[in-house]
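> Full structure from sequences and hints, please.
Number of protein chains: 2
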Amino acid sequence: MLTISQLAAYAGVTVRAVRHYHATGLLPEPERDHAGYRRYDAKAVVELIRIRTLAEAGVPLARVQELLAADEEEFAGAVAEIDARLRREIRERQEHRRQIARLAAGDSLALPDEVVGYLDRMREKGVPELLVEGERDGWILMAARWPEKMPEFIADKLAQLEDPRTLRLYLLIGDLLEKGVTDERLDGVADLIAEMAGEAAARGDLDRQNEDMNDESYVALIDSFASQSHPLVVQLQQRMAERGWSGWARMEKAEQP
Amino acid sequence: MLTISQLAAYAGVTVRAVRHYHATGLLPEPERDHAGYRRYDAKAVVELIRIRTLAEAGVPLARVQELLAADEEEFAGAVAEIDARLRREIRERQEHRRQIARLAAGDSLALPDEVVGYLDRMREKGVPELLVEGERDGWILMAARWPEKMPEFIADKLAQLEDPRTLRLYLLIGDLLEKGVTDERLDGVADLIAEMAGEAAARGDLDRQNEDMNDESYVALIDSFASQSHPLVVQLQQRMAERGWSGWARMEKAEQP
DNA sequence: TCTTGACCTTGACGCAGCGTCAGGGTTGCA
DNA sequence: TGCAACCCTGACGCTGCGTCAAGGTCAAGA
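The listed protein sequences correspond, in order, to chains Z and X.
FYI, the numbering for the first sequence is 31 to 287, going by my numbering.
FYI, the numbering for the second sequence is 31 to 287, going by my numbering.
Derived from the structure by calculation, the hints contain no laboratory data.
Treat the numbers as computed from the prediction; the structure is a model and nothing was measured.
Do not rely on the hints blindly, as some may be mistaken.
Copies of the same chain look alike in the list, so a pair counts if it works inside one copy or between any two.
[Unchecked claim] Derived PhoX-like pairs (lysine-lysine); straight-line CA-CA distance at most 25 angstroms:
1) Lys187 / Lys73
2) Lys155 / Lys73
3) Lys187 / Lys155
4) Lys73 / Lys179
5) Lys209 / Lys179
6) Lys155 / Lys283
7) Lys283 / Lys209
8) Lys73 / Lys283
The following block contains the structure:
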């Protein structure tokens, strides 16, 4: 007769595992000796090994019992199902590997490819890193709310980036951040924004974008995020208001009364 | 300001997940309104999305926090580690797929390939299925105790199977099972076993095998398993004892005094 | 005004498959 | 007789939430 540790050793499992199988009813409790120790015969070794074989093949313990008792047809069906699960888990993990490879590559924490491309383009053009990061977080919010509209949004932004004034705008803002805020610099930036926004409005671009961003409260949320991210935003919004522009993520020309 | 369900919806997670992240300290608890409801700003959306991005890439939640705060070098190291884990899990599952494919193919519940081949050969030779299954369970025990000696054991058995008397022996045992036990049949089987065992002993095969099975108590275990599996075994052991043979799995000629 | 339904809150159990104490009793050997 | 190496039961821990339970809150309709 065998003790539990001998049984476990022959089957290549831990004592704890054997007790677990008893507790779940997977392996029947054997006789006890006078001290209350479990005593096993050879059948238990065979049973335990059969259980382990299935378990090690990825069969959930809850299904091992039925599988051991199943006829060939059931068995084949169950095996097919388990194989499908394993394939799914492999696919998931392969997908995870791709994801973290992207993460390791750079910015792509939560961003669709287009945005990553756009941010890279900003860097190529020489936009200060701090501003690129600010844009990035903003786009995380945009992508969370309007994932399907991202290609359009980004196409507009890429086109805008080709206008030399855009780079000048970012550089001016960079100056504001690095060299300190002065009225002159604030006005310079605000004038430029107003000029470009005016043209976008004339082209109809603004209206189109503003229609796409059809969620008042979410736009407010993004604006509040911008305001929180740097005090400069609030100051610029004031200057823009003086020039008749309201909003931030979704900019609008105030009515001329 | 956002409620918890709005936050969750924007980030594409469940409300329960958000609360879980609060509970584990992964996402800071926000302000509460007068009713005790959590109120979120846009920063929380960005934070939550960043958390989910890592989590969905297979990063364990316990590590998400450090990864979000990590510099590039730490990040790269952690990513490499996670990638290694994913590769290991993929390998494990691929191995599982192979295992259950083998299980689906047939007998191989817990048996090395050689044994499966041997059992198949028995079937080809026309050995009754019931006896094949008996052999199978016995070999599960053998393989559990002496996995490294299995090729040798099985080579001996395969050679033995080529002796036409072996098939006759199995068929005689089959008769015993199907047609009922008679003294004549029992003696016929016992005589044949004794004859073949005597030759094996003369060739030295028995000594070699018995040396390999160098574990008294385990041999006793296998014998007790055989005895339990069918009453016929006990009867045959008696007839063998009358002919001067003891043991079963490990057969020995008693001393002639 | 009352009711309904959709939210929100905390607290607690459940899941898979054991690992790992804790706090005891037993056995076998020197 | 003492010690190491076993055995026992019971209970918590891990992962990432899902899923009640038992309430409180809020907005809208009858």
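> Does each hint hold? Answer for all of them.
Evaluated hints:
1. Lys187 / Lys73: between (73 angstroms within a copy, 23 angstroms between copies)
2. Lys155 / Lys73: So lysine 155 and lysine 73 fail the 25 angstroms test inside a copy (75 angstroms) and across (28 angstroms) alike.
3. Lys187 / Lys155: within (13 angstroms within a copy, 78 angstroms between copies)
4. Lys73 / Lys179: Intra 65 angstroms, inter 21 angstroms, cutoff 25 angstroms: inter-copy only.
5. Lys209 / Lys179: neither (37 angstroms within a copy, 80 angstroms between copies)
6. Lys155 / Lys283: Intra 29 angstroms, inter 93 angstroms, cutoff 25 angstroms: neither.
7. Lys283 / Lys209: neither (30 angstroms within a copy, 102 angstroms between copies)
8. Lys73 / Lys283: neither (85 angstroms within a copy, 27 angstroms between copies)
The structure fails to meet hints 2, 5, 6, 7, 8 from the earlier list, while all remaining hints are met.
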